[in-house]
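Chemist: Okay, here's what each chain looks like letter by letter:
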Amino acid sequence: MHLIATGNKGVAEAVLQAQPDVVAAYPITPQTEIVEQIAAFISEKRLDCQYIPVESEHSAMAACIGASATGARTFTATSSHGLLYMHEMLHWAAGARVPVVMANVNRALGPGWNVWAEHTDAFSQRDTGWLQVFASTVQEVYDTMLMAFRIAEDEKVLLPMMVNLDGFSLSHTMQPMEKIETGTFIPPFSLPHAIDTLHPVAYGPLTGPDEYFRFRADMERSMRSSRLVIRDTEAEFARLFGRTYRETEEYQVEDADVLLVAMGTFGKEAEVAVDKLRKEGIKAGSLRVRWFRPFPRLDLAGRDIVVIDRGYSFGFGGVLSMSIRATSRAEPYSVIAGLGGQEVTYHDMADFVRDRKPGKEYWFGVKDDV
Amino acid sequence: MHLIATGNKGVAEAVLQAQPDVVAAYPITPQTEIVEQIAAFISEKRLDCQYIPVESEHSAMAACIGASATGARTFTATSSHGLLYMHEMLHWAAGARVPVVMANVNRALGPGWNVWAEHTDAFSQRDTGWLQVFASTVQEVYDTMLMAFRIAEDEKVLLPMMVNLDGFSLSHTMQPMEKIETGTFIPPFSLPHAIDTLHPVAYGPLTGPDEYFRFRADMERSMRSSRLVIRDTEAEFARLFGRTYRETEEYQVEDADVLLVAMGTFGKEAEVAVDKLRKEGIKAGSLRVRWFRPFPRLDLAGRDIVVIDRGYSFGFGGVLSMSIRATSRAEPYSVIAGLGGQEVTYHDMADFVRDRKPGKEYWFGVKDDV
Amino acid sequence: MYEIRIHSRGGQGGVTAARLLADAAFRGGKYATASPFYGAERRGAPVVDFVRINDRPIRIYSQIEHPDLVVVLDPSIMDAVDILQGLKKGGSIVINSPKPLEIPRHPVFHVDLTGIAIAQNLVVAGSPVLDTPLLGALAKMGFVSLDAALAAIRDMFSDERNIKAAEIAFRELNL
Amino acid sequence: MYEIRIHSRGGQGGVTAARLLADAAFRGGKYATASPFYGAERRGAPVVDFVRINDRPIRIYSQIEHPDLVVVLDPSIMDAVDILQGLKKGGSIVINSPKPLEIPRHPVFHVDLTGIAIAQNLVVAGSPVLDTPLLGALAKMGFVSLDAALAAIRDMFSDERNIKAAEIAFRELNL
Amino acid sequence: MKRKRRRLALSEPVEGASGKTGSWRTYQPLVNRELCNQCGLCVLYCPEAAISEEQEMDLRFCKGCGICANECPKKAIRMIREER
Amino acid sequence: MKRKRRRLALSEPVEGASGKTGSWRTYQPLVNRELCNQCGLCVLYCPEAAISEEQEMDLRFCKGCGICANECPKKAIRMIREER
Amino acid sequence: MTEIPKEEFILKCTSACAGCSSSLSLRYVLKAAGPETVLVIPACCTSVIQGVYPRTALRVPVYNIAFAAAAACASGMSASYQKKGMKMNVIVYAGDGGTVDIGLQALSGAFERETHFLHICYDNEAYGNTGMQRSGSTPLGAITSTTPSGKIHPKKDIDQIVEAHRPPYMATACSAYPLDLFQKVKTALSIEGSKFIHLLSPCPPGWRYPTEKSIEVGKLAVKTGAWILWEREHGSLRISGPSRAAMKTPLPLEEYLKIQGRFQAITLEQVQELQHSITRTMERIRCELEKPCT
Amino acid sequence: MTEIPKEEFILKCTSACAGCSSSLSLRYVLKAAGPETVLVIPACCTSVIQGVYPRTALRVPVYNIAFAAAAACASGMSASYQKKGMKMNVIVYAGDGGTVDIGLQALSGAFERETHFLHICYDNEAYGNTGMQRSGSTPLGAITSTTPSGKIHPKKDIDQIVEAHRPPYMATACSAYPLDLFQKVKTALSIEGSKFIHLLSPCPPGWRYPTEKSIEVGKLAVKTGAWILWEREHGSLRISGPSRAAMKTPLPLEEYLKIQGRFQAITLEQVQELQHSITRTMERIRCELEKPCT
Ligand SMILES: Cc1ncc(C[n+]2csc(CCOP(=O)(O)OP(=O)(O)O)c2C)c(N)n1
Ligand SMILES: Cc1ncc(C[n+]2csc(CCOP(=O)(O)OP(=O)(O)O)c2C)c(N)n1
Ligand code: SF4
Ligand code: SF4
Ligand code: SF4
Ligand code: SF4
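Protein chains in written order, with our numbering: chain A, 4 to 373; chain B, 4 to 373; chain C, 4 to 178; chain D, 4 to 178; chain E, 7 to 90; chain F, 7 to 90; chain G, 1049 to 1342; chain H, 1049 to 1342.
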């Protein structure tokens, strides 16, 4: 079924089809429409699910953890400060190995208050053990949300997963999308270590160094397995529904002399910049990084790349750009742009490419040197 | 004055000398001795300071922010889940440009509960805009705490700062240390944007994209200035008190064929491993990374290095090792060890060096491959 | 690609109007996107909406620089905002106003959406809601059909007054 | 470097004993470190403390593998823990026990610290506290002076019963 | 002149901080001086502090909420459709 | 046999989970059967559930807290210094 | 009315919705507090009402802080002023969400520590700033964007929660009675320790009534007894003027409900429950006034 | 006593301190709850008492959760069991810190949502697990490791806070009265909705008394009226057996205070204040019993 929907609506539609048992969420701009839509689905009896109107995001995640541990499919959505307020429980969810699925609408962090898109909220959760993916279109939001339940809940993964979408520029943007009949694509929820009174055990008690170390190693083991699960799930999705997703989305990459690397909506608009540059005779390409955890194994050694970073680690560098430096032998031109919803057009992106200085960092639009 | 003290005591003694106006803190193992000691100082009237026995760490940081904004020197201490529970307010403190000083006793994260040393708690705050430093001896804890107030409060910095010490292995370890007469080394507290009813302004209101972006750029600008302030403060400290600190501590590095790189107590014990390896004829050296934010500019291109990581980013890699990869052209052997207090001796470290496989990752003591 | 910029104030229905417009275009077999930019999320604050209509998928998220059409739901906004900024040479303007308005070098169309909304009692918390009548007026402009516009409205609102308002605005726009 | 491992249970004072010992050694002009390893931070749970004494700064934080001396504050712990593990050839053992104890190939010294603590009424929440008497006993062993031990104790505790207990233990250890 | 360095968002108090909110109006209050007995209730209740002691509405800022008209015990204030 | 994969810390219930806590004792309870009238209060109050219905103390686990002795209305339980 | 200072600490004009009664109340709060005041604002409508950077309508220092953190932030400020020996009004102006939900813990902690500050909860009975989702303070039966068929749980009783902390002063107020509010803020600020004012603030878009009715709705809340104005100083309770009549002969509750769109789906049972809870509260108050239990 | 099941759900032996009254109480809680129970444990002594991985003394599923999160975690579980249509006792067993301080917000939220669960706060009046720092529940005058000269603020009244949420059932209990506790847990679990039991749990190392006196100290708390045993079912209050005598002729408060080391620095004024607050509470209870206000 084809319809036109916002990114937030795309999330809600996917959740409706995944039929979670428990949703616990707290409103925050620009995520509110998601929870409101889910509340409406429940009120209209289209979704049979327990909605817990928690008093904070910390509790939202705690409730999802508790519910998941009893063997329930769970979902929550948040953004920005809501995500930060969950931080402790994000770590907990991963360590507890509960496959909670979350939509995070990327937004900047206060102070000053700022409700617009930025990736620092999600980046700042990069050590929590969550799978993270960034979508760039409403269709992709919807498709990825559907896959998220299957990936996170896979026996080989059993880690929570966060689907990111840019605040306003995707959450509130309407685009055409196709709703699919998911059929058995998302298997019923099953958690091998769900609470069972017939076999009572204590979850997460005090754990000595060596055992603790092994459980942490197991989390990383599952992260690594998730690469395969993701690949298989995305392949199956392509087979069944005809849309193909990979760790990254490549556009005109093959013969490109220079690559624009970005995430989220910037990564999509970069394709337009590529078209523009090609028209000017610059052989550009675009590489949109979809998966952030596990971080893709990119083969960019020796390539000329321009990374646009919508999130920053103060005293270190752009998070995407530094991640690429760490994982491949590239020396990117690191452009910091779009924090707090700063407007960046494909013209600007084309400029970044033209003006690139490999190995340097540039804060877009800031006059004095940073 | 020479005495023997634990790491926690070292923190408390430095705080006593820095004479904060407001301390707001919440107990958590293994930090408790710090707050208890400060409470005792106050009760004994050795410290004239408002101690706020908050009901959580989120509130501890909020109270420090509020107090600092009015022009008060503030201090808090925490660890592990306490630090995680502060996460939102850590971001806030940095954005609000309040130079709160904090001691964080590094400890692993639940579940399972684990009270022993690990760096993931602090690493997981690496995008919050805090300066971070890791100490390796009681003396260094004390000295660095003293310098922290001066550095964070410097007009060119005005960012909050976290001093890290390993849980138990440093916080509870007694070592000899020298207490110094600080004199005017720590200037009186002064905050250019302190609240002033004669010139009322609104702090941190809704801020549009472009202005927001500029304030973020200013945070990074201050991070960069902090490198100089740190260098000067450490130089001044050395001049006045005779102990020299730098971004990193080098041991037998000059002629070394292979370098052990680590942080915290591991970084100190690595020197013993170096001695051992040298006796065996292996020309090893040790590089202990002290500063983590701003991250030091290491010149390790082409060097053979073994990085011991006491903190991990699932789906990515050891945080220290990846940071080194991102900032220098090195291809380290990445050893993940000591999470959750896992015991790692200098013999083990020597083994890491002997068995190193550049570019590979190794989880110490885990049989099956991760 | 046809690009439309809508200027309004929080509470007037600009965001919804943009969404309805994109929906109507989509129903007409086009690709369309609609995205808002709020200054602050509050009644009264200026809001800009961007609608793009195209024959191929649209990959642009940034704001429209050179609109083909500018819609002004709140003429008073013109004191604060340059509504002509970037408007294409000869690009049209639709203004919510009972009176005609002259703007050099641009065709200007007007329609009293406020009046229509008030007449239909489409008022929420004291503010007339202009989204559905606007859609009618834009249908008159021709790039979506009235049928598609009404279908989009029906999908979102059950209250028939909205249809009525759209139809009236369709009729009243001084094309 | 002289390395000492102390086995105790939470609440008995093993951690404090180790700290006092390091302090006393430090007062004697040595470098010293003391560090604990708790299983769980709770009364009754086994605790191990590591004390190192040296002429040069100590850079080792990991546990002592080959102690020169093992101290056992709670003999019952020997059911659960191998107190001899890694003990150097001929390394000594000090045991809190009213009775002598034989361990092959190792000199074993005993002293009834519990009895001394009870006699001095050094009991907290039902458990006798053994740290200060132990320090007296260890002074007898010779690597810290009794004066330094008493000074360390006085610095931490104001109650003179602790001094008393240490002195008695100094006397009573069957060296 | 070198501007003072701005490290964080600090807003200065100023009239019209949120713009000329008068433009939000759909209806505008009109006082009938004949009926008005200067009771001051409209002044008390105007959320915008847009009414002076002399019952002058500051139309640059009046948002047209209609509270003054609603609360006027003398029905001396009418809300009329704004002409633009 | 391949062990089930352990993903997280799950503890199994087992007697003596915290070890033989009997070794914590400094004093040990001793029942004087002559005085005991089987009122069962010691059983009720023993935090360790270490006293059987027949007033037998399970000395593997009794921590020697002394509550049984303190609460015994007949003073039938004495705490005596543990010999080790 | 003569005693209310003419000086305004809110410059024309805020970005509050037209007819916003909470921004009206803030005028009187600041008049009562005067310039030696720091206003602490967690995320809420007031974060926006104050104006967008670089301009603000407020003429006292405003410290914006994270949603959950207002009372804790105020604790730090109050401690600092205490250390400095400065007299300063530290006032939290927080919505119901920032008070009874995500801000409750910090509030309770600050009150337990007897922090010297005033916490004002302006209660628009929903999360206004994010578009009127349910809060703990939303009354039974009210439609919000997350309770599209009406809330099924009663309003959280924050007054009794705060009362449990035995503050030296606490009061209810309603934006329809600015003089009463002014007086209460004055009194609160004259007392040492942790003070609380719970201020009912009708909200046109949230409660779904026309903007001009903000005062009318507030008065109806009081006249029907749905909202009772009182103050409690050092434990002893006093009913405020406007509520005295209502305590005797309240208007029918329906008058208050039917004027608001948000109650359009309320069931008869729920109305009875609301009515019952009003009656119970009134009885409890009467009972206490007649024979103070504590 | 015959009705208490013999079956133990705590295997010998926990790692509680010798004489720990909270672990004693947990025995009776679990006897009352039986095997169809999930126990939610935030960070507290009980996180350790249960035993260290891979072994536990508890024979029901135990879900350890972050300090602030117990009631929220229980909310999720309860919702899930509701969705599944399963009957299950979801019980939070939390310390006073995890209830009145860092856990308060989640607790209040869960109660506001009328979550079906039982929250038991075992109150040892300090942060036991981290070595006895002050909590909001520490009484006035008590020494803790962060109040070395005695706490200067009174104990937070969590009962009144919870009561504000009008739970269908709430009660106080004391570990010195296991039968009373058993009965109360039984009753609580038989009722739909959010239930609360506030359980005074004397703690030898924290309160500084010899281990054998745990029961004695608990009884003195009740006999002096420092702790009053009652239950409140659907609003109506009933004094429990052991407190009836104390309500009439309480023992002098000093008997309770002097047996504990933590009160050794208490001032005369503070004792009077404690005494005053007991008297006030008793009066309020009597008043309510004579003439129920609500
Ligand atoms: C941690 C966090 N969660 C959510 C939000 C989003 N948020 C901002 S204001 C608000 C509602 C505030 O409601 P209330 O306190 O009642 O004040 P009002 O907006 O009604 O004035 C919400 C949910 C946030 N800023 N931070
Ligand atoms: C966020 C966070 N802060 C602090 C801690 C440390 N901590 C663990 S248990 C505890 C005290 C618990 O006190 P209480 O709830 O009264 O239970 P008790 O230990 O007395 O049984 C503290 C402070 C933690 N685990 N998490
Ligand atoms: S209409 Fe409203 S804003 Fe305008 S003057 Fe009247 S009360 Fe004030
Ligand atoms: S001494 Fe304590 S643990 Fe031992 S049997 Fe008696 S009551 Fe039980
Ligand atoms: S939503 Fe309500 S409370 Fe918020 S500014 Fe508008 S009228 Fe005021
Ligand atoms: S500290 Fe107190 S409550 Fe905690 S286990 Fe020990 S006796 Fe029990």
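Simulated from the structure, these hints should not be mistaken for lab results. Computed from a prediction, not measured in an experiment: that's the story for all the values here. Note that the Cβ used here is the ideal one computed from N, Cα and C, for glycine as well. Careful, some of the hints might be misleading.
[Unchecked claim] Taking lysine-lysine pairs in the DSS-like style, the calculated list, with each CA pair at most 27 Å apart, reads: (1) B:K370 with F:K10; (2) F:K81 with H:K1054; (3) C:K91 with A:K282; (4) A:K286 with A:K360; (5) H:K1271 with F:K80; (6) B:K48 with G:K1132; (7) A:K48 with H:K1060; (8) B:K159 with E:K26; (9) H:K1060 with F:K26.
[Said to hold, decoys possible] Just some of the chain D residues that point at chain H, by a computed CB distance under 7 Å: (10) R45; (11) R46; (12) A128; (13) G129.
[Stated by the list, open to error] Residues of chain B clear of chain D, computed beta-carbon distances all greater than 10 Å: (14) L173; (15) T176; (16) F319.
Chemist: Take the hints in turn and mark each one as holding or not.
Modeler: Hints, verified against the model:
no., hint, in the structure
1, B:K370 with F:K10, "holds (15 Å)"
2, F:K81 with H:K1054, "holds (25 Å)"
3, C:K91 with A:K282, "holds (22 Å)"
4, A:K286 with A:K360, "holds (17 Å)"
5, H:K1271 with F:K80, "holds (21 Å)"
6, B:K48 with G:K1132, "holds (17 Å)"
7, A:K48 with H:K1060, "violated (49 Å)"
8, B:K159 with E:K26, "violated (38 Å)"
9, H:K1060 with F:K26, "holds (9 Å)"
10, R45, "holds (5 Å)"
11, R46, "holds (4 Å)"
12, A128, "holds (4 Å)"
13, G129, "holds (4 Å)"
14, L173, "violated (7 Å)"
15, T176, "violated (4 Å)"
16, F319, "holds (27 Å)"
Violated hints, listed in ascending order, are 7, 8, 14 and 15; each of the other numbered hints is respected by the structure.
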